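Protein chains: 2
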Amino acid sequence: MTFANVGTLGAVPGKRDELLAHLTARNTALQQAGCLAYEVGVSDDEPDTVFVVELWESADAHQSSLALPEVQAVIAAARPILSGTYGGFRFHVVGSPLKD
Amino acid sequence: MTFANVGTLGAVPGKRDELLAHLTARNTALQQAGCLAYEVGVSDDEPDTVFVVELWESADAHQSSLALPEVQAVIAAARPILSGTYGGFRFHVVGSPLKD
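Protein sequence lines, in the order shown, are assigned to chains A and B. Going by the working numbering, 57 is the number at position 57 of the first sequence; the sequence numbering is gapless. When you read off a place in the second sequence, starting at 1, and then add 1000, the result is the number in the working numbering.
The set of hints was computed from the structure by calculation and includes no laboratory data. In this text, all values refer to a predicted model and were calculated from it rather than measured experimentally. Some clues are possibly wrong.
Unchecked claim - Straight-line distance between alpha carbons at most 25 Å, and here's what the computed SDA-like set of lysine to any residue pairs gives:
1) K1015(B) to G34(A)
2) K1099(B) to D17(A)
3) K99(A) to A1061(B)
4) K15(A) to D1048(B)
5) K1099(B) to A61(A)
6) K15(A) to K1015(B)
7) K1015(B) to E1046(B)
8) K15(A) to S1083(B)
9) K15(A) to G1034(B)
10) K1099(B) to G34(A)
11) K99(A) to D17(A)
12) K1099(B) to L36(A)
13) K1015(B) to P1047(B)
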């Protein structure tokens, strides 16, 4: 069952674009681990926040991906520029009006 | 620029699955209006909540879609079974680690 992980990551003031760069750097390990979509963005309303929508083949695929060296490297690079403010939610996809 | 609208909709207790049915019913007008993805789901942690991730070709495409008769029909059907509790956020997609 497709799993969605949707979140906000607060950046240290002035470091949002650096955080964006870490999160959008090409990472072929994600697809191999079952990542179906990983969209990263921004909003003028919250200038120190990075927004992420992730879709995964399963919750297990997402959980397992966190142990990958490539993902651990991104986490290590991002940690010093995270403010410690997080938001978001996780859910299991049941359907879509775009598909029968 | 791809626009993301991510949200939670509280359902009147006992009406979550009815709300799910309204939101996942096949709706060809959405794609024509510029909807790229529309994933609807649930979480055991919040049994009276429906979760939605939408991706659109632009914020304008999303805004315009709200006036479509097909979308107005879904809103009208859902309104009586919404609890009035909402969450979520909107952002502009900048990139993805899955793509160069």
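Now the hints, each set against the structure:
Restraint check for K1015(B) and G34(A): not satisfied, since their Cα atoms lie roughly 32 Å apart, outside the 25 Å limit. Taking the CA atoms of K1099(B) and D17(A), the gap is near 18 Å; set against the 25 Å cutoff, the hint holds. The straight-line distance between the Cα atoms of K99(A) and A1061(B) is roughly 19 Å, inside the 25 Å bound, and the hint therefore holds. The straight-line distance between the Cα atoms of K15(A) and D1048(B) is roughly 37 Å, outside the 25 Å bound, and the hint therefore fails.
Under the criterion of a C-alpha separation no larger than 25 Å, the hint pairing K1099(B) with A61(A) is consistent with the structure, at around 19 Å. Only pairs whose Cα atoms come within 25 Å are accepted, and K15(A) paired with K1015(B) is rejected, the gap being roughly 43 Å. At most 25 Å may separate the alpha-carbon atoms for a hinted pair to count; K1015(B) and E1046(B) meet this at roughly 13 Å. Straight-line distance between C-alpha atoms of K15(A) and S1083(B) comes to about 38 Å, which puts the hinted pair past the 25 Å bound.
As the CA atoms of K15(A) and G1034(B) are separated by approximately 32 Å, the hinted pair breaks the 25 Å bound. The straight-line distance between the Cα atoms of K1099(B) and G34(A) is roughly 15 Å, inside the 25 Å bound, and the hint therefore holds. For the suggested pair K99(A) and D17(A), the alpha carbons sit about 35 Å apart, so the restraint of at most 25 Å is broken. Under the criterion of a C-alpha separation no larger than 25 Å, the hint pairing K1099(B) with L36(A) is consistent with the structure, at around 11 Å.
With a C-alpha separation of about 10 Å, the suggested pair K1015(B) and P1047(B) falls inside the 25 Å cut-off, and the hint holds.
This entry does not satisfy hints 1, 4, 6, 8, 9, 11, going by the numbered hints stated previously.
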